[in-house]
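Dock chain D against the given chain X, drawing on the hints supplied.
Chains as they are written, first to last, in our numbering: chain X, 1 to 450; chain D, 1 to 482.
Mixed in with the good hints, there may be bad ones.
FRET-style restraints, in silico, Cβ to Cβ [as the list claims (entries may be wrong)]: (1) X:Asp-42 to D:Ile-195: 29 to 35 Å; (2) X:Asp-128 to D:Asp-66: 32 to 38 Å; (3) X:Lys-397 to D:Asn-256: 49 to 55 Å; (4) D:Gly-179 to X:Ala-10: 25 to 31 Å; (5) D:Gly-403 to X:Glu-67: 25 to 31 Å; (6) D:Asp-314 to X:Lys-45: 34 to 40 Å; (7) X:His-55 to D:Lys-16: 19 to 25 Å; (8) X:Lys-435 to D:Tyr-307: 46 to 52 Å; (9) D:Gly-11 to X:Asn-87: 25 to 31 Å; (10) X:Glu-231 to D:Asn-311: 25 to 31 Å; (11) D:Asn-256 to X:Val-441: 37 to 43 Å; (12) X:Asp-128 to D:Thr-56: 42 to 48 Å; (13) X:His-55 to D:Gly-11: 48 to 54 Å; (14) D:Pro-32 to X:Lys-404: 17 to 23 Å.
In silico lysine-lysine, BS3-like type, Cα no more than 25 Å apart, as pairs [claimed, not checked]: (15) D:Lys-12 to X:Lys-58; (16) X:Lys-390 to D:Lys-29; (17) D:Lys-160 to X:Lys-323; (18) D:Lys-159 to D:Lys-186; (19) X:Lys-234 to X:Lys-161; (20) X:Lys-45 to D:Lys-229; (21) X:Lys-62 to D:Lys-229; (22) D:Lys-160 to X:Lys-154; (23) X:Lys-58 to D:Lys-60; (24) X:Lys-431 to D:Lys-301; (25) X:Lys-12 to D:Lys-159; (26) D:Lys-463 to X:Lys-305; (27) D:Lys-29 to D:Lys-45; (28) D:Lys-29 to D:Lys-2; (29) D:Lys-29 to D:Lys-12; (30) D:Lys-223 to D:Lys-186; (31) D:Lys-160 to X:Lys-181; (32) D:Lys-301 to X:Lys-12; (33) D:Lys-117 to X:Lys-58; (34) X:Lys-431 to D:Lys-91; (35) D:Lys-82 to X:Lys-38; (36) D:Lys-301 to D:Lys-386; (37) X:Lys-445 to X:Lys-397; (38) D:Lys-301 to X:Lys-45.
Simulated from the structure, these hints should not be mistaken for lab results. The C-beta atom is built at its ideal place from N, Cα and C for all residues, glycine as well.
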Amino acid sequence: MSGYIPVTKAQKRHMLDIIGAETESSLFSDIPGDIRLKRDLDIPKPLVEMELYVHMKKLADKNISSEDKACFLGAGVYDHFIPAVVNHVVSRQEFYTSYTPYQAEISQGMLQAIFEYQTMICSLTSMDVSNASMYDGATAMAEAALMAVSAARKKTVLVSKTVNPQYRQVLDTYAKFCNFKVAEIDYTGCGHTDIGRLEELSGDETAAAIIQSPNFFGVVEQMDEAGKVLENQKALLIACVDPISLALLKSPAEYGADIVVGDGQALGNSMSFGGPHFGFLAAREKYMRKMPGRIVGRTQDRDGKPGYVLTIQAREQHIRREKATSNICSNQALNALAASVYLSSMGEEGLRETAGLCVQKSSYMYNRLLELEGFDPLFSGHFFKEFVVKSKREVCKLNKNLAKEGYIGGLHLGKYYPELDDCWLIAVTEKRTRKEIDGFVEVLKNEAYI
Amino acid sequence: MKLIFEKSLEGKRACKLPGCDVPHAGLDKLIPENMARNTDYALPKISEPELVRHFTALSKRNHGVDSGFYPLGSCTMKYNPKINEDLSKMKGFSGAHPLADETHVQGCLEILYMMDKMLSEITGMEHFSLQPSAGAHGELAGLMIMRAYHEKRKDMGRKKVIIPDSAHGTNPASAAMVGYDVLEVKSDRRGNVDINALKELISGEVAGLMLTNPNTLGLFEEKIMEISKIVHDAGGLLYYDGANANAIMGVVRPGNMGFDIVHLNLHKTFSTPHGGGGPGSGPVGVKKHLARFLPSPAVRKKDDEYYFEYNMPDSIGRMKSFYGNFGVILKAYAYILTMGGKGLKEVSETSVLNANYLMEKLKDHFKLPYERICKHEFVLSGIKQKEKGVTTLDMAKRIMDFGYHPPTIYFPLIVKEAIMVEPTETESLEALDNFADAMIKIAKEAIQEPDKVKNAPYNTAVKRLDEITAARRPVLKWSQDR
Numbered sequence: 001m002s003g004y005i006p007v008t009k010a011q012k013r014h015m016l017d018i019i020g021a022e023t024e025s026s027l028f029s030d031i032p033g034d035i036r037l038k039r040d041l042d043i044p045k046p047l048v049e050m051e052l053y054v055h056m057k058k059l060a061d062k063n064i065s066s067e068d069k070a071c072f073l074g075a076g077v078y079d080h081f082i083p084a085v086v087n088h089v090v091s092r093q094e095f096y097t098s099y100t101p102y103q104a105e106i107s108q109g110m111l112q113a114i115f116e117y118q119t120m121i122c123s124l125t126s127m128d129v130s131n132a133s134m135y136d137g138a139t140a141m142a143e144a145a146l147m148a149v150s151a152a153r154k155k156t157v158l159v160s161k162t163v164n165p166q167y168r169q170v171l172d173t174y175a176k177f178c179n180f181k182v183a184e185i186d187y188t189g190c191g192h193t194d195i196g197r198l199e200e201l202s203g204d205e206t207a208a209a210i211i212q213s214p215n216f217f218g219v220v221e222q223m224d225e226a227g228k229v230l231e232n233q234k235a236l237l238i239a240c241v242d243p244i245s246l247a248l249l250k251s252p253a254e255y256g257a258d259i260v261v262g263d264g265q266a267l268g269n270s271m272s273f274g275g276p277h278f279g280f281l282a283a284r285e286k287y288m289r290k291m292p293g294r295i296v297g298r299t300q301d302r303d304g305k306p307g308y309v310l311t312i313q314a315r316e317q318h319i320r321r322e323k324a325t326s327n328i329c330s331n332q333a334l335n336a337l338a339a340s341v342y343l344s345s346m347g348e349e350g351l352r353e354t355a356g357l358c359v360q361k362s363s364y365m366y367n368r369l370l371e372l373e374g375f376d377p378l379f380s381g382h383f384f385k386e387f388v389v390k391s392k393r394e395v396c397k398l399n400k401n402l403a404k405e406g407y408i409g410g411l412h413l414g415k416y417y418p419e420l421d422d423c424w425l426i427a428v429t430e431k432r433t434r435k436e437i438d439g440f441v442e443v444l445k446n447e448a449y450i
Numbered sequence: 001m002k003l004i005f006e007k008s009l010e011g012k013r014a015c016k017l018p019g020c021d022v023p024h025a026g027l028d029k030l031i032p033e034n035m036a037r038n039t040d041y042a043l044p045k046i047s048e049p050e051l052v053r054h055f056t057a058l059s060k061r062n063h064g065v066d067s068g069f070y071p072l073g074s075c076t077m078k079y080n081p082k083i084n085e086d087l088s089k090m091k092g093f094s095g096a097h098p099l100a101d102e103t104h105v106q107g108c109l110e111i112l113y114m115m116d117k118m119l120s121e122i123t124g125m126e127h128f129s130l131q132p133s134a135g136a137h138g139e140l141a142g143l144m145i146m147r148a149y150h151e152k153r154k155d156m157g158r159k160k161v162i163i164p165d166s167a168h169g170t171n172p173a174s175a176a177m178v179g180y181d182v183l184e185v186k187s188d189r190r191g192n193v194d195i196n197a198l199k200e201l202i203s204g205e206v207a208g209l210m211l212t213n214p215n216t217l218g219l220f221e222e223k224i225m226e227i228s229k230i231v232h233d234a235g236g237l238l239y240y241d242g243a244n245a246n247a248i249m250g251v252v253r254p255g256n257m258g259f260d261i262v263h264l265n266l267h268k269t270f271s272t273p274h275g276g277g278g279p280g281s282g283p284v285g286v287k288k289h290l291a292r293f294l295p296s297p298a299v300r301k302k303d304d305e306y307y308f309e310y311n312m313p314d315s316i317g318r319m320k321s322f323y324g325n326f327g328v329i330l331k332a333y334a335y336i337l338t339m340g341g342k343g344l345k346e347v348s349e350t351s352v353l354n355a356n357y358l359m360e361k362l363k364d365h366f367k368l369p370y371e372r373i374c375k376h377e378f379v380l381s382g383i384k385q386k387e388k389g390v391t392t393l394d395m396a397k398r399i400m401d402f403g404y405h406p407p408t409i410y411f412p413l414i415v416k417e418a419i420m421v422e423p424t425e426t427e428s429l430e431a432l433d434n435f436a437d438a439m440i441k442i443a444k445e446a447i448q449e450p451d452k453v454k455n456a457p458y459n460t461a462v463k464r465l466d467e468i469t470a471a472r473r474p475v476l477k478w479s480q481d482r
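Pulled out of the complex, with its shape left as it was, chain X reads as follows (with noise of 0.2 Å):
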């Protein structure tokens, strides 16, 4: 008998007495005989606690961790700092062992968490709503474009290259089955969205352009410039943004998002190989009722005291099944209390030193890379926490080097723009010291590996 089974033999004999069965097996007799299995499954035989801790520790150890070497790639997961009170908040059973808050007197618990970080959201976007959260930045983006097509009755979403990659490929996967088209708009030499293609490119079937800023490259776009283009096409701009970078960088209402998605795994939650991370999705007020997934609103009890609940369902699967505005049911709620607990430890100033941290000392390894040998600039335009150098010699080699003496190396572009094959992106968070980029740096002056 399993530990995690109560219910001993003796016990299930007293029951199934009760119910008037023979045997276990009589329960399932409206199975037909032929279609059961007649063999045990065939999986590796039971680990104990202790097997299973050993196992799960040499699977573990075959992986290089961030906790060990310094990590400087990013391409949308990064190693920023997690707070400890961040794990021991997420931790407590009466959080993650909870389901979605259905029944709101015994959950106001969830429910209020997330009330607190709807308002978050919409404090760090300026937008006027924000969901309970959506399973990831690339997913939120694409539900974002859903929404724009449907608000907008029109077909064409564009989309900037300069666009995370894998979001551009979940949005091509829902395109393809979800009925709209997708448009890309080339990228300029400075790294930004090419707004002239922009604005040749959006016409009267277009229902939003989604730019990113900082985007895939890192580099801050001309967001002013596309929130215009897209004001006079009277299409919606849907920003991709990074949540820390909010601290500094204009929000997305001062520039005229309509829609504001991003991936929150930088607030609080572990790189985790891609997952669980969370999205987020935030909307001016005239797009609310068309939003996919959970909101919390605040209300009162019989007495008069302040509650939370589930509320606006009328728009979910539950309730209009077919003709809901997503499907989407679960959520990521436990990472965006995560992030709750992230922002509210860190609070606006922690938030701003965060991201000031960042620009910092990514512009510092900038410079101290182009001192180099063999590097050059690629593009011009300003950057947060990330950034492109072209690199003379082969950027998977390098790589390889940089792992021997201890360093996670930057993304090689070539594997998502074959134009950028010479190109390594370089992240650098406020977890960086100035010995580890001096050591990268050192590696790469290392006469051995050159």
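Okay, now just chain D, sitting in the frame of chain X:
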């Protein structure tokens, strides 16, 4: 309870950061004025002890599986093993970057590879993709695969998907997203798909049928092989919604029931915690003839080394960034390794035993619309109590006063005043008996003291909440001037 913003005070802050250790210029040089933020934003200003007290106080106003019984039907709220939480926090997993060189993340790849193999064995499928983040996301991927399959065969006229009237709301919502019209097939008097109604709906325009088995009434679709034949003979595919897979592990496999596409909910059947709404994980699996349509990339193995296969020309494409909710997947992997094949069968057998036992204890006190063996859950109706003016909602609120989370209510839609109870295998006989006693007490109260039930709950953090005003006059965030 006050919001964290209402506890905020200028000058307080929890987390301190180190100073800048690189030579630095003024920020205005790096972020020019036209790119800089001009508007304020408000985050809490709070010290660490106050922050911890705030969230601890919130947690006390929330019911989790560890707090007590959580018989939320269709959600499989079983115990979430503690060791698995610890394992997911091992630095080799939590600190693994998803774009690291494949040779540097072999441990992660091995878990994904093994999960593909083990989930395929449990369900009788050929391959799984671990990418979908939740059940509904798995459904979306599965339906895209369905469409890709028909389109690849140039069979373009299939625009409809058949879904039972007892199905989860995500089924029709997912089908509509992929561009299918939904045909609803009604249930028969035994709570199963009405075979004659299905025969009337089936045609060359039908892309497939989505089915949960056991269905949302907790009843096994006894005529599954006939259903399978009807759908396949018409050229359609059979889709298995794995929300109720906890009832059948090691007993019967969707692959042997004729299903072509399956999604599983790792946060239900495979014990990973639901996190107050997520993260979940909804892997999608298929039979051999559909494997080429699975999301890309796939994990493969060559000479003891694992790698990602991106060359999948017929793939529906990518469903999310990277490879799925890895941290959730690894907990499910650890769970399967702990249980083993026989253990998984014991899980299903015990969940079915617990449900039948509880149904037996309650069936004289509530209306039982389908009197037959149930699987891992069963549905009662509060119609008898409704006649006295006490609704299922009232009784659900009253259950909270006894320290239980209410069952799922008003679902499935085909049962009036539905009360859907799923005890799971991780509840003891003692817990089941106590819950049954509470339910029976409430059933009696509904007749003898209806007002007591109608005004419930009494012992919760707040009394009954006004959901109608919340929707009519939405307040969706805090603001200073309120």
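Going through the hints against the structure:
1. X:Asp-42 to D:Ile-195: 29 to 35 Å: 34 Å, holds
2. X:Asp-128 to D:Asp-66: 32 to 38 Å: Because 37 Å falls inside the window, the suggested range holds.
3. X:Lys-397 to D:Asn-256: 49 to 55 Å: 50 Å, holds
4. D:Gly-179 to X:Ala-10: 25 to 31 Å: 55 Å, violated
5. D:Gly-403 to X:Glu-67: 25 to 31 Å: 41 Å, violated
6. D:Asp-314 to X:Lys-45: 34 to 40 Å: 37 Å, holds
7. X:His-55 to D:Lys-16: 19 to 25 Å: 39 Å, violated
8. X:Lys-435 to D:Tyr-307: 46 to 52 Å: Roughly 34 Å apart at Cβ, these two residues miss the hinted range, so it is violated.
9. D:Gly-11 to X:Asn-87: 25 to 31 Å: For Asn-87 of chain X against Gly-11 of chain D, whose Cβ atoms are near 26 Å apart, the range 25 to 31 Å holds.
10. X:Glu-231 to D:Asn-311: 25 to 31 Å: Roughly 42 Å apart at Cβ, these two residues miss the hinted range, so it is violated.
11. D:Asn-256 to X:Val-441: 37 to 43 Å: 60 Å, violated
12. X:Asp-128 to D:Thr-56: 42 to 48 Å: The hinted range 42 to 48 Å is violated for Asp-128 of chain X and Thr-56 of chain D, with Cβ atoms some 31 Å apart.
13. X:His-55 to D:Gly-11: 48 to 54 Å: Because 50 Å falls inside the window, the suggested range holds.
14. D:Pro-32 to X:Lys-404: 17 to 23 Å: About 39 Å separates the Cβ atoms of Pro-32 of chain D and Lys-404 of chain X, which means 17 to 23 Å is violated.
15. D:Lys-12 to X:Lys-58: 43 Å, violated
16. X:Lys-390 to D:Lys-29: 23 Å, holds
17. D:Lys-160 to X:Lys-323: 15 Å, holds
18. D:Lys-159 to D:Lys-186: The hint holds at about 20 Å.
19. X:Lys-234 to X:Lys-161: With a Cα-Cα distance of about 22 Å, the restraint between Lys-234 of chain X and Lys-161 of chain X holds, given a limit of 25 Å.
20. X:Lys-45 to D:Lys-229: Roughly 36 Å between the alpha carbons, so the hint for Lys-45 of chain X and Lys-229 of chain D is violated.
21. X:Lys-62 to D:Lys-229: Violated, at roughly 47 Å.
22. D:Lys-160 to X:Lys-154: 24 Å, holds
23. X:Lys-58 to D:Lys-60: Status violated; Cα separation ~37 Å.
24. X:Lys-431 to D:Lys-301: Violated: Lys-431 of chain X and Lys-301 of chain D sit about 35 Å apart, past 25 Å.
25. X:Lys-12 to D:Lys-159: 48 Å, violated
26. D:Lys-463 to X:Lys-305: 8 Å, holds
27. D:Lys-29 to D:Lys-45: It is violated: about 28 Å lies between the C-alpha atoms, which goes past 25 Å.
28. D:Lys-29 to D:Lys-2: 41 Å, violated
29. D:Lys-29 to D:Lys-12: 29 Å, violated
30. D:Lys-223 to D:Lys-186: Measuring from Cα to Cα gives roughly 14 Å; hence the hint holds.
31. D:Lys-160 to X:Lys-181: Distance of about 22 Å is within 25 Å: holds.
32. D:Lys-301 to X:Lys-12: 43 Å, violated
33. D:Lys-117 to X:Lys-58: 20 Å, holds
34. X:Lys-431 to D:Lys-91: Given pair Lys-431 of chain X, Lys-91 of chain D holds - Cα atoms ~16 Å apart, limit 25 Å.
35. D:Lys-82 to X:Lys-38: Not OK: Lys-82 of chain D and Lys-38 of chain X at ~33 Å, beyond 25 Å, violated.
36. D:Lys-301 to D:Lys-386: Roughly 59 Å between the alpha carbons, so the hint for Lys-301 of chain D and Lys-386 of chain D is violated.
37. X:Lys-445 to X:Lys-397: 14 Å, holds
38. D:Lys-301 to X:Lys-45: Roughly 22 Å between the alpha carbons, so the hint for Lys-301 of chain D and Lys-45 of chain X holds.
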